[in-house]
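Per my numbering, numbering through the sequence shown is continuous, rising by one, with the last residue being 352.
Since the hints were made in silico from the structure, they are not lab data.
We treat Cβ as the ideally placed atom computed from N, Cα and C, and that holds for glycine.
A portion of the hints provided could be inaccurate.
Quick list of in silico lysine-lysine cross-link-like pairs, DSS-like style, CA-CA up to 27 Å [said to hold, decoys possible]:
hint, residue 1, residue 2
1, K180, K264
2, K163, K270
3, K108, K264
4, K172, K268
5, K118, K139
FRET-style restraints, in silico, Cβ to Cβ [as the list claims (entries may be wrong)]:
hint, residue 1, residue 2, range
6, S195, E338, 37 to 43 Å
7, H138, D297, 19 to 25 Å
8, S352, L224, 52 to 58 Å
9, I133, E341, 29 to 35 Å
10, Q164, S266, 18 to 24 Å
11, R225, E338, 37 to 43 Å
12, G171, G229, 46 to 52 Å
13, S352, D323, 40 to 46 Å
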Amino acid sequence: MLLLGMKSIELLTRKSGRLKMLLTEHFCKNQVPCVCLCISSYLCSKKKKENGYEQVDQERYMNLVRSVTSSKTSPQTPETLFEEDNLIYGPVSNFKSPVKDVEAKIPKNWVPLINSNKRTLPPNSDRKHLLKISLQRHKVPSVTRVLQQTMPLDQAFYLKRWKQRMILELGKDGFAEYTKNIFLQGNLFHAALESVFLSEEVPLKEQEKDTTVSGYLSSVQHVLRDINGVKALESAVHHETLHYSGLVDCVAEYRGQLCVIDWKTSEKSKPYLRNTFDNPLQVAAYTGAINHDANYDFQVNCGLIVVAYKDGSPAHPHFMDSDLCSQYWDKWLLRLEEYAEKEKNNNAIETS
1 MLLLGMKSIE LLTRKSGRLK MLLTEHFCKN QVPCVCLCIS SYLCSKKKKE
51 NGYEQVDQER YMNLVRSVTS SKTSPQTPET LFEEDNLIYG PVSNFKSPVK
101 DVEAKIPKNW VPLINSNKRT LPPNSDRKHL LKISLQRHKV PSVTRVLQQT
151 MPLDQAFYLK RWKQRMILEL GKDGFAEYTK NIFLQGNLFH AALESVFLSE
201 EVPLKEQEKD TTVSGYLSSV QHVLRDINGV KALESAVHHE TLHYSGLVDC
251 VAEYRGQLCV IDWKTSEKSK PYLRNTFDNP LQVAAYTGAI NHDANYDFQV
301 NCGLIVVAYK DGSPAHPHFM DSDLCSQYWD KWLLRLEEYA EKEKNNNAIE
351 TS
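Take the sequences, apply the hints, and build the full model.
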């Protein structure tokens with residue numbers, strides 16, 4: 001009806017200009033804009049857009065066309081993604097990792113790190129003789145063996161992968177020679193440090209000329225200046241209650257604190273204590289052994305790990321105060337219990 005009315009109006013306006021004016025005044029009074037008529041005419045005359053899929057063989061590609069034309073994707077927002085995650089994985093909950101739960105365990109056979117029956121030496125106390133007790137072959141495990149047999153799975157995995165990579169690069173014989181040289185360098189470095197402490201001098205020129213240890217000695221020079229009052233060197237320790245043994249590198253004062261000092265060599269930089277892996281547990285184990293060994297009339301509650309570098313770059317000293325030593329002491333007790341349990345199971349299998 002609207003379309004027919006519009007055509008009639010057009011015919012009338014062509015015949016009579018006066019009627020056109022009257023109609024214009026009529027529409028203006030009723031506030032009906034002419035643009036609405038144009039738009040309506042345009043919308044009504046607009047052709048329907050053809051669908052390109054109508055020319056496709058519908059019978060042959062019916063399933064494909066149906067899947068394409070009917071598929072719709074809903075917009076994703078951060079809120080909808082979080083809702084989907086909640087449905088799939090459940091809500092986010094704060095929980096401690098399994099590693100922290102293991103660390104929070106309390107040892108069943110807890111023995112204190114400090115021995116109340118022993119005295120604590122005052123700072124700058126001198127001893128007439130340095131203790132250097134030879135390591136005896138006890139029927140007890142060493143600290144090194146306990147740590148190796150109870151190494152965490154992730155740490156053992158990376159160690160094994162490193163070994164495999166080195167064997168691929170060097171071959172079996174080359175890798176054996178490499179490990180032999182590393183062991184030799186460590187022994188020479190410890191021997192050079194022992195001669196330094198015994199002579200109470202800076203490294204001799206002969207030692208500086210030795211390229212095997214000269215870089216390591218240069219690396220630890222700034223640490224040696226803070227060490228004095230040496231009490232023991234390369235001395236064996238034995239925990240009389242927990243029954244394990246070990247060989248301590250050095251017991252001396254570091255910046256006024258009596259410490260068990262462990263010297264380490266490394267080809268990679270280790271600026272943080274966590275980079276030293278099980279070395280803090282080793283220091284804590286030696287500390288506890290000294291405190292419960294009758295051969296030592298004093299006790300220690302601090303530790304120091306010094307990582308030296310062959311290229312002479314400054315060594316990284318990692319100081320462990322009494323609180324930190326106590327934390328690693330508890331971890332050591334757990335590893336010791338784990339070792340005892342493994343040995344018990346192995347013995348049961350052998351006897352059966």
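Hints, one by one, checked against the model:
Between K180 and K264 the CA atoms are separated by roughly 16 Å; this keeps the pair inside 27 Å, and the hint holds. At most 27 Å may separate the alpha-carbon atoms for a hinted pair to count; K163 and K270 meet this at roughly 19 Å. With a CA separation close to 32 Å, the supplied pair K108 and K264 exceeds the 27 Å bound. Between K172 and K268 the CA atoms are separated by roughly 22 Å; this keeps the pair inside 27 Å, and the hint holds.
With a C-alpha separation of about 26 Å, the suggested pair K118 and K139 falls inside the 27 Å cut-off, and the hint holds. Between S195 and E338, the C-beta spacing of about 38 Å keeps the proposed range 37 to 43 Å intact. For the pair H138 and D297, the supplied restraint of 19 to 25 Å holds, since their beta-carbon distance comes to about 21 Å. A hinted range of 52 to 58 Å holds for the C-beta pair S352 and L224, which are about 54 Å apart.
Our hint of 29 to 35 Å for I133 and E341 holds, since their Cβ atoms are close to 30 Å apart. Restraint check, Q164 to S266: a C-beta distance of roughly 20 Å satisfies the suggested window 18 to 24 Å. In this structure the supplied range 37 to 43 Å holds for R225 paired with E338, their Cβ-Cβ distance being about 40 Å. At about 47 Å, the beta-carbon gap between G171 and G229 stays in the expected band of 46 to 52 Å.
Between S352 and D323 the beta carbons are some 45 Å apart, a value that agrees with the proposed interval 40 to 46 Å.
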